[in-house]
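Listed below, chain by chain, are the residues.
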Amino acid sequence: MSLPFSANPVVEQLGDDRTMVLNMGPQHPSTHGVLRLLLEIDGETIVRIRPDIGYLHTGIEKTCEAKFYQQVVPLTDRVDYLCPMTNNLAYVLAVEKLLGLEIPQRAQWIRVMLNEMTRINSHLVWLGTHAMDIGAMTVFLYCFREREELLKMFEMVSGQRMMTSYFRIGGLALDVPLGFFDRVSKFADTFEEKVDEYENLLTANPIWKDRTIGVAKITYDDAISLMLSGPTARGSGVDWDLRRDMPYSGYENFKFSVPVASEGDVYARYRIRVQELRESIGIVKQALAGMPEGPVKADAPKVVLPDREKMKTQMESLIYHFKIVSEGFTVPEGEVYHAVESPRGEMGYYVTSDGTAKPYRVHMRSASFANLSSVPAMCEHQLIADVVAAVGSIDIILGDVDR
Amino acid sequence: MPLEPAVNDIEQLKDKPALALLLEWRPEAIERAKWDRNELTIWVDRHSLREACIALRDGASTRFNFLADITCVDWFPSEPRFEVVYSLLSHSRKERIRLKVRLPGEDPNVESLTAQWPGADPFEREVFDLFGVRFQGHPNLRRIMMPDDWEGHPLRKDYPVEGYR
Chain F
1 MSLPFSANPV VEQLGDDRTM VLNMGPQHPS THGVLRLLLE IDGETIVRIR
51 PDIGYLHTGI EKTCEAKFYQ QVVPLTDRVD YLCPMTNNLA YVLAVEKLLG
101 LEIPQRAQWI RVMLNEMTRI NSHLVWLGTH AMDIGAMTVF LYCFREREEL
151 LKMFEMVSGQ RMMTSYFRIG GLALDVPLGF FDRVSKFADT FEEKVDEYEN
201 LLTANPIWKD RTIGVAKITY DDAISLMLSG PTARGSGVDW DLRRDMPYSG
251 YENFKFSVPV ASEGDVYARY RIRVQELRES IGIVKQALAG MPEGPVKADA
301 PKVVLPDREK MKTQMESLIY HFKIVSEGFT VPEGEVYHAV ESPRGEMGYY
351 VTSDGTAKPY RVHMRSASFA NLSSVPAMCE HQLIADVVAA VGSIDIILGD
401 VDR
Chain A
1 MPLEPAVNDI EQLKDKPALA LLLEWRPEAI ERAKWDRNEL TIWVDRHSLR
51 EACIALRDGA STRFNFLADI TCVDWFPSEP RFEVVYSLLS HSRKERIRLK
101 VRLPGEDPNV ESLTAQWPGA DPFEREVFDL FGVRFQGHPN LRRIMMPDDW
151 EGHPLRKDYP VEGYR
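So the sequences go chain by chain: F and A.
When you line the first sequence up against our numbering, it's residues 1 to 403, in that order.
When you line the second sequence up against our numbering, it's residues 1 to 165, in that order.
Just so you know, the hints here were simulated from the structure itself, not pulled from any lab data.
Cβ coordinates follow ideal geometry from the N, Cα and C atoms, glycine included.
Be careful, since some hints might not be right.
Unchecked claim - Result set (EDC-like, lysine to aspartate or glutamate): computed pairs, CA atoms no more than 16 angstroms apart in a straight line:
#: 1; chain 1: A; residue 1: K94; chain 2: F; residue 2: E148
#: 2; chain 1: F; residue 1: K62; chain 2: A; residue 2: D158
#: 3; chain 1: A; residue 1: K157; chain 2: F; residue 2: E65
#: 4; chain 1: A; residue 1: K94; chain 2: A; residue 2: E39
#: 5; chain 1: A; residue 1: K94; chain 2: F; residue 2: D239
#: 6; chain 1: A; residue 1: K94; chain 2: F; residue 2: E252
#: 7; chain 1: F; residue 1: K217; chain 2: F; residue 2: E380
#: 8; chain 1: A; residue 1: K34; chain 2: F; residue 2: E333
#: 9; chain 1: F; residue 1: K186; chain 2: F; residue 2: E148
#: 10; chain 1: A; residue 1: K157; chain 2: F; residue 2: E40
#: 11; chain 1: F; residue 1: K67; chain 2: F; residue 2: E327
#: 12; chain 1: F; residue 1: K62; chain 2: A; residue 2: E162
#: 13; chain 1: F; residue 1: K67; chain 2: A; residue 2: E39
#: 14; chain 1: F; residue 1: K302; chain 2: F; residue 2: E102
Stated by the list, open to error - Label pairs and their calculated CB-CB ranges:
#: 15; chain 1: A; residue 1: Q12; chain 2: F; residue 2: F322; range: 40 to 48 angstroms
#: 16; chain 1: A; residue 1: R142; chain 2: F; residue 2: Q27; range: 21 to 29 angstroms
#: 17; chain 1: A; residue 1: W25; chain 2: F; residue 2: T356; range: 34 to 42 angstroms
#: 18; chain 1: A; residue 1: E151; chain 2: F; residue 2: K255; range: 51 to 59 angstroms
#: 19; chain 1: A; residue 1: E24; chain 2: F; residue 2: V325; range: 35 to 43 angstroms
#: 20; chain 1: A; residue 1: Q12; chain 2: F; residue 2: T63; range: 34 to 42 angstroms
#: 21; chain 1: A; residue 1: V7; chain 2: F; residue 2: T63; range: 27 to 35 angstroms
#: 22; chain 1: F; residue 1: L174; chain 2: A; residue 2: E162; range: 29 to 37 angstroms
#: 23; chain 1: F; residue 1: P74; chain 2: A; residue 2: G163; range: 16 to 24 angstroms
#: 24; chain 1: F; residue 1: F144; chain 2: A; residue 2: R26; range: 32 to 40 angstroms
#: 25; chain 1: F; residue 1: L151; chain 2: A; residue 2: W25; range: 50 to 58 angstroms
#: 26; chain 1: F; residue 1: F144; chain 2: A; residue 2: Q12; range: 51 to 59 angstroms
#: 27; chain 1: F; residue 1: L151; chain 2: A; residue 2: E24; range: 53 to 61 angstroms
#: 28; chain 1: A; residue 1: D15; chain 2: F; residue 2: N253; range: 37 to 45 angstroms
This is chain A alone, in the form it adopts within the complex:
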């Protein structure tokens, strides 16, 4: 299966139920969409992320009931620096979708999903610990992997692989 070029045009992707639902729900919150290697990625405005997840969970045509994963990618030194990545899974429709939120390097923060999916608690703490992204509304945003008094966020690209000496 040789690679097909990615589709970046929102107009061409409107037949995907998830994107159609989000466009109908709040078109101004959708920044970009991409269909690449059979995976759909939607970039969402950081202030709409939580509500977009709820809309996708409750929408009759989407039913993304399961939050599979939360992680982050650091694009240092470009801006916006961070991309927080959410993988949603629909058990009934056997489909995955990826939501991304772009955050600036200066004070990166996004809404927490812990109220909807309590299981997001350790995942968000991990992203906070290793990238320094803050989740607003998280009840206990402390380090989870590194010691409490650790300096820096190890998975950032400007953090040396060997650590600070």
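Chain F on its own, in the form it takes in the complex:
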């Protein structure tokens, strides 16, 4: 198998005058951001395809090194802007592991619930745009109808629709507002019908099946050696989900199944993500039903900002508040890698501490970056019309790829 990103720009290597080079992107609407693809084509068949990335590189990893630990949380939102809560979670779990902090049950459960809502949000955007790429416009409008409701709920807990920054090292920023659980429960009760609506439009649709079945295949072995994860890998028979296999943040308390398919084509990945929508809403319902009472912040005054009321009335809390805000908190030396299952796959944070209040190094292992490697394996020797379906089916977010 050829290397996914290898080979010099295709232009330089053109030896054959039967082929031509076509540039796709970085402004192409179906590349979901600023992905540039170089295609070497022979008629309508792709001989070679190479992704060219870096257009959205903002140096977030470098910026992290200049911030206090708690100031990094808002930066992580901006990495993968369709699932901010998942990024927040991966980062705070990594730092909490460094600190050895114990997180109260209620905070863990709210985190799980919001993470699954984020997954639904992300999958809805994927489903809508992917269907639109392939030519089914209606699904997009349906998906964004439900997504709007989700964004309103995110705004309710965090004050923000997209860049939520709701999780904190040691728990949550605040407990959820009154009426939030009722609203979630109302959404959860009707959501499965909505998924049926999307499926009615697509699953048995002959045009959709023609465009997706047998297209852009990835074998099991390729999925492993190309370091793929998430639904992209599960579509090729890799039965692996970090939520089930290496549970974090209390996922071991929830019952859900992990959809896996062996076909490895675009249709398989579509079916897996749609099934995940149903599983996620199931987890949200379980979280609502069993939501524990109690605090949402860890008992660690040197790390967690004190209650507003306490800060105003108790000298000690005021001192802690002042110290955390002005000079941060120190983290014992060491390094950890903590990964969570993001809607796209393994989102891992490698955080190194040198014992000061600023992280020595924060590395983000993003699923999109690794999954992008599958594009050449999917598209080479296929038709040029299938590129859009292939790129859509791995659900890349360029902010996540470039960081």
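Following the hints, complete the assembly by docking chain A onto the known chain F.
Chain A alone, transformed into the frame defined by chain F:
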């Protein structure tokens, strides 16, 4: 879960299958091992890195089939300056391990893993781009994030946060 002190003694860690396998395979290649916060880290000699990964992948007691991540840490100004960090994951045993290679600041290079895991291609290019660590045997070691004519390697500690002005 309060923090327990890290275990740095190789003798005490011999019950970990990954370390046991590597010690049996090539003891002189193992520089150090650490068990900290439930994570095992093994420092490997830079010339044995690739073969160590293959040994861990194929060993019946380890089965680290999935390369999860490659990254680097710059410890400027101390020497050896760079630490390239490999995270391996075993799907069947549900376990992670971290391999580290220490590299000098002068001409840092290590073997490439692209022949075993083609997916390592963009990760190694990223480390090369942002740290200037060279991967021997990589078929196309060019910049991936920064423009081709960029000067310097941004994630090095002696590179200013605001960039060169």
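Against the structure, the hints come out as follows:
| no. | hint | in the structure |
| --- | --- | --- |
| 1 | A/K94 <-> F/E148 | violated, 37 angstroms |
| 2 | F/K62 <-> A/D158 | holds, 12 angstroms |
| 3 | A/K157 <-> F/E65 | holds, 9 angstroms |
| 4 | A/K94 <-> A/E39 | holds, 13 angstroms |
| 5 | A/K94 <-> F/D239 | holds, 12 angstroms |
| 6 | A/K94 <-> F/E252 | holds, 14 angstroms |
| 7 | F/K217 <-> F/E380 | holds, 10 angstroms |
| 8 | A/K34 <-> F/E333 | holds, 13 angstroms |
| 9 | F/K186 <-> F/E148 | holds, 14 angstroms |
| 10 | A/K157 <-> F/E40 | violated, 39 angstroms |
| 11 | F/K67 <-> F/E327 | holds, 10 angstroms |
| 12 | F/K62 <-> A/E162 | holds, 10 angstroms |
| 13 | F/K67 <-> A/E39 | violated, 26 angstroms |
| 14 | F/K302 <-> F/E102 | holds, 14 angstroms |
| 15 | A/Q12 <-> F/F322: 40 to 48 angstroms | holds, 42 angstroms |
| 16 | A/R142 <-> F/Q27: 21 to 29 angstroms | holds, 23 angstroms |
| 17 | A/W25 <-> F/T356: 34 to 42 angstroms | holds, 38 angstroms |
| 18 | A/E151 <-> F/K255: 51 to 59 angstroms | holds, 54 angstroms |
| 19 | A/E24 <-> F/V325: 35 to 43 angstroms | violated, 52 angstroms |
| 20 | A/Q12 <-> F/T63: 34 to 42 angstroms | holds, 39 angstroms |
| 21 | A/V7 <-> F/T63: 27 to 35 angstroms | holds, 34 angstroms |
| 22 | F/L174 <-> A/E162: 29 to 37 angstroms | holds, 34 angstroms |
| 23 | F/P74 <-> A/G163: 16 to 24 angstroms | holds, 22 angstroms |
| 24 | F/F144 <-> A/R26: 32 to 40 angstroms | violated, 56 angstroms |
| 25 | F/L151 <-> A/W25: 50 to 58 angstroms | holds, 53 angstroms |
| 26 | F/F144 <-> A/Q12: 51 to 59 angstroms | holds, 56 angstroms |
| 27 | F/L151 <-> A/E24: 53 to 61 angstroms | holds, 55 angstroms |
| 28 | A/D15 <-> F/N253: 37 to 45 angstroms | violated, 30 angstroms |
The earlier numbered hints that this structure contradicts are 1, 10, 13, 19, 24 and 28.
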